[in-house]
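Produce the complete structure using the sequences and hints provided.
If you count by my numbering, then the sequence shown holds residues 1163 to 1435, one letter each, in order.
Note that these hints are calculated values from the structure, not bench results.
There's no promise every hint is true.
[Said to hold, decoys possible] So the derived label-pair ranges between C-beta atoms look like this:
hint, residue 1, residue 2, range
1, T1255, T1302, 15 to 23 angstroms
2, G1384, F1347, 14 to 22 angstroms
3, I1409, V1325, 13 to 21 angstroms
4, P1282, P1353, 20 to 28 angstroms
5, I1250, M1383, 16 to 24 angstroms
6, E1385, Q1279, 14 to 22 angstroms
7, L1330, Q1279, 34 to 42 angstroms
8, E1354, Q1279, 24 to 32 angstroms
The beta carbon of each residue, even a glycine, is placed where N, CA and C say it ideally should be.
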Amino acid sequence: MTVANGSGPHEKPAQEKPAQEKPAQEKPGPAEDSRQGTQGPSIADIAAGYAEKAGLQRNSHGHVDILKSAGGVQGIAESIVPGLVFLIAFMVTRDLPASLIASLASAAVFTVVRLVQRRPLTQALAGIAGVAISAWLANTTGKAEDFYVLGFYTNVAYIVGMVLSILLKWPIAGLLFGFVRNEGFEWRKKPERLRAYVIGTWVVIAVLALRLVVQVPLYFMGEPGLAALATMRLIMGAPLYILGLWIAWLLTRPAPGQKPVRDTQPSKPSSSD
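Here you go:
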């Protein structure tokens, strides 16, 4: 106000100066809009939504929470127990329909538990749908090993999708980890970051491909290979996924000289001061 009042003896300049100061007061707006978006979701919001839908979670330190990303202890149990129940029931009774019903019942129990806990049913419903389809396939063919065949097609679909994401220069690892690191989509503008996320995506692809390499031959062994197939499905399910995700996270870390985007945000107020 002192500068404005000293700009001249007339009143008009004094009145025009506050009008010129308004844009200066509005300057923080774009800085906030870069994080929140003025006309809709920002790039960071889109990345966050994608990562959350994919199940990726971060802890209080801003790092990827591997256990939560796998659905937590309950989520891991939901992915393991139905297959384990099927295997045990079939090995004991040799009754395929009864074993399939027992597996479906165990998946339904988890859905009821989530209802009681008032937790989202998405993961439980997806799990019971997968078990239902697997049970239908095994019951239709009369082959117990066909209970696990759906997983092969799922792995192939994921591999194809991830390879396409690399070819299109939108690697899946970047979409997921970019959210955790508050990079949004800015990593695509930096060749070294893009390269790192391509490598991270290949790690996840390698995990999925390893499942096929190990499990498909066991599947073609028929019933004699059922126990080994079921065991490998359990070991190479959530545990291997967690390991692969963690390795991909480590390989895609920014170089020591590179500052994550979240580290640069607190410096904005000091620069304006």
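Against the structure, the hints:
Checked against the hint of 15 to 23 angstroms, the pair T1255 and T1302 passes, with Cβ atoms roughly 20 angstroms apart. Checked against the given bound of 14 to 22 angstroms, the beta carbons of G1384 and F1347, roughly 48 angstroms apart, lie outside it. At roughly 18 angstroms, the beta-carbon separation of I1409 and V1325 lies within the given 13 to 21 angstroms, and the hint holds. Against the hinted window of 20 to 28 angstroms, the Cβ-Cβ separation of P1282 and P1353 comes to about 38 angstroms, which falls outside the hint.
The hint said 16 to 24 angstroms for the Cβ distance between I1250 and M1383, and at roughly 20 angstroms that hint holds. Against the hinted window of 14 to 22 angstroms, the Cβ-Cβ separation of E1385 and Q1279 comes to about 38 angstroms, which falls outside the hint. The hinted window of 34 to 42 angstroms between L1330 and Q1279 holds, with their beta carbons roughly 39 angstroms apart. Taking 24 to 32 angstroms as the suggested C-beta distance range, the pair E1354 and Q1279 does not conform, at roughly 43 angstroms.
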